[in-house]
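Peer 1: The residues making up each chain are set out below.
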Amino acid sequence: MLKKHRSLFIFLSILLIIGLEGCSFVATPVEYTSEQFLMDTIVSIKAYGNDEEEVKKAVLSAFAEMKRIERLTDRFAQEGTGEVEFSDVYRINQAAGKQPVKVSEDVYEMIEVAKSYYELTDGLFDITIGPVMDLWGFGNEEKHIPLDAELQEKMILVNSNKIILNESEKTVFLQEDGMKIDLGAIAKGYATEKAASVLVETGIEHAIINAGGNIDVIGKKYDGQAWRIGIQDPRNSKNLVGVLSLIDEAAVTSGDYQRYFEENGIRYHHILSPKTGKPSRNTMSITVITKNSAKADVLSTVLFVMGSQKGLELVEQLEGVEACFVGADNKIVTSSGMSNKVEIQPSKEYTYDKNG
Amino acid sequence: MTKMDKILMLGVLLSGLIALFLVKGFHSQGQSVVAIIQVKGDIVETIDLSKVEKAKDLHIQGAQGLSIIEVENSRIRMVESPCPDRVCINRGWIERSGEAIVCVPNEIVIKIKGNDESIDDITQ
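Taken in sequence, the protein lines are chains A and B. So in the working numbering, spot 16 of the first sequence is number 16, and the numbers just go up one at a time. So in the working numbering, spot 68 of the second sequence is number 68, and the numbers just go up one at a time.
There may be inaccurate statements among the hints.
[What the hints assert, rightly or not] The calculated DSBU-like cross-link candidates involving lysine-lysine, where the alpha carbons are at most 30 angstroms apart (straight line), are: (1) B:K54 / B:K40; (2) A:K67 / B:K40; (3) B:K40 / A:K46; (4) A:K331 / A:K238.
Just so you know, the hints here were simulated from the structure itself, not pulled from any lab data. Model, not experiment: these values are computed from the prediction.
Same shape as in the complex, but just chain B (with noise of 0.2 angstroms):
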């Protein structure tokens, strides 16, 4: 192996290398939380809660009436909906990749969307 082959080597390995971190690192970079609201099934809303900076209140028009979701940064919660029971409201805020409010009456869902894809689902 001549001295050039060396250099060769190892100039291939190292660009190599190079490209491999360039490419996890776009990968892993905006460790943002993504909300998004469903109304009967459809995407209504996509909203970066990282990039959210004063708290706002969202009306959506779900299967029933009208839904009111609370939007805080990095988190967001239902405040008001036209269901009997209020399960979505009593949910409270939720903030983590994977957490989901679900409105059944109004049809409405909340989900945080994420980086997390070390699980598929949740059984519950």
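Just chain A, with the same shape it has in the complex (with noise of 0.2 angstroms):
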């Protein structure tokens, strides 16, 4: 052997076993993590660049966005703080039944997003549930099962077509007076993405953001892998039900184990049914994968309402939505295009038939 090929030899040998040993000799980049308390939840942001200082600030503006979104859609804005007269939804539901109110931008996309929802699936997603939200205690009071004479009166208070817009004016007018909007099913869905944006235009491509439970992920890991992420279990939160593989996408579980209290055993969870004005009962968990952090949001409550027949049938229609249903009869059902992009971990809990 030539000594010439037998130094090629020691080098690529030398080559092969860093490799195996890991990247540890490549540059890593920095990752900067904050958290902060917004939007009733804990919301997290977790970026990926070469400059510590250009995360941090890309982040915290994230943040500011976010926070922005939180005071233009708060319901229970405080008199005397300032608050009031940023809440377009708070003036938006004082002037019910007595004049439009000219709104944000944001809010005004917000809610004509929601209608086009309420049209969709003839009712079935409904932002003007807030009186019968806090009749129930969901809003901010002690939660409590409402007499049937009591919802019946809230009940008439609800429907969205008496939410007049005016594109030209940006305005908002809820016609009858105790008329009452609540954002909550799509807000920190539309603020996520809001703040996605933010971070994609100051140069961000790898992000992770956690608002409480929704995830919305910029690109691809800064390994070039897909992000991995778990489906909560409904019923035992150290398990999961399957393990997402996402790539520019946001993911949104709605489920009865999020804000619910119990009396008599029975469980009374915050998801009530535009219909009814009770708790939806169709439905353990859904999760919603789709691009639009918002939409995903806006539909995780829809499917929920809908259950997982009827919501399959409307998830197939849309474009580039996929869904993962943890139905009532512990039966876990996926979307056609949905098996490429979750594993779903096998269970003595739940029963799973890929093919439907």
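Could you use the hints to bring the two separately framed chains together as a complex?
Peer 2: Right, here's the structure in full:
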């Protein structure tokens, strides 16, 4: 063997070993993570880049954007704190039955999107559910089961057809006195989408936002792999139902275990059907993945109320939307395009038939 | 290829493999369960739960008042917190990597860090 070949061989062996031992010699990116309490939950943003100061600045700007949306949509703004003047939703509700209110582009857009889903679902998604939410105490009061008579009285006020939008004036008017909109089923997703846009605009290529369980990922992970996102088991928080692989997508879960109270052994959770004013009973949890986080947020509520059968029909009609249902019957059902995005974990509690 | 060449090659490969196992070994060492407690996003306590021998209470000042957190060997929970809906207390014990207890009103988060790096986050 020639001497030349020998050195080449040794050189290659060393390369191989370095490869095997992991790329610890390659420069690692800067990772910056920050958490803030926002929109009634905890929001965490983790972003990667080359310069720590720049990444930090981007993350803080994203939080500022979310804070802005929080203030615009705060239904429970406090008088005398300056919050009231800033909260479009508070002002819209105060002016119900009286006059139209001029609002920000953001709130106008959210209400417009909400109305479009009201129409698409024949009223199964309705942001005018506010008075009924308050009756149950899912706003910010003591939670309790309302009397049927009380419920009927408030249900009259639930009707998104009575939200009058004026596109050129950017005004919103609730026609009946006592009507209240609640943007709880869209605001968090919208704010997350806005925060993600801020990160992208500042040049961030790899980031993950977790807004109280609503996940939005930007790009791939720094190592080029898809982000691996677990779906929580709705009955055992220590387990996962499955693991999603996401690239540039949002995943939002709605579940009956997120906000609830129990009375006489029955669970009353916060996702109310706009048809009955009572907690919807078809679903334990539903996870939606799609590009836009606001859309994912709305759809998770819509599909939760619809249940897996009707819900899947809707998902199959929508482009770029996939869903995974954990039904009240302990059946896991996924949409057709989900199979290459999720690994369902084997479990004794739930049954899963990949072919539907 | 001379005999010396073969010995040299084998030697290089072997030492590489030994180094590989040493590195991997160091990585997987310490199956520690570390809990971190955050107030308003800042870490105020870091506890290695696997090293806790006797149960103890931690008093943590949050945004609204005092929260009491109980620590045992390998697990942690919220015992008292000045919040109306008691979501954090009802959450019970947490022990696995990735689990968390959040008290939104008092702005306290208890999280278990761990070696589970197969998951980046959880949608819930």
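Peer 1: Does each hint hold? Answer for all of them.
Peer 2: Right, here's what the structure says about each hint:
1. B:K54 / B:K40: Since the Cα atoms of B:K54 and B:K40 sit roughly 28 angstroms apart, the hinted pair holds (cutoff 30 angstroms).
2. A:K67 / B:K40: The hint holds at about 15 angstroms.
3. B:K40 / A:K46: holds (16 angstroms)
4. A:K331 / A:K238: holds (19 angstroms)
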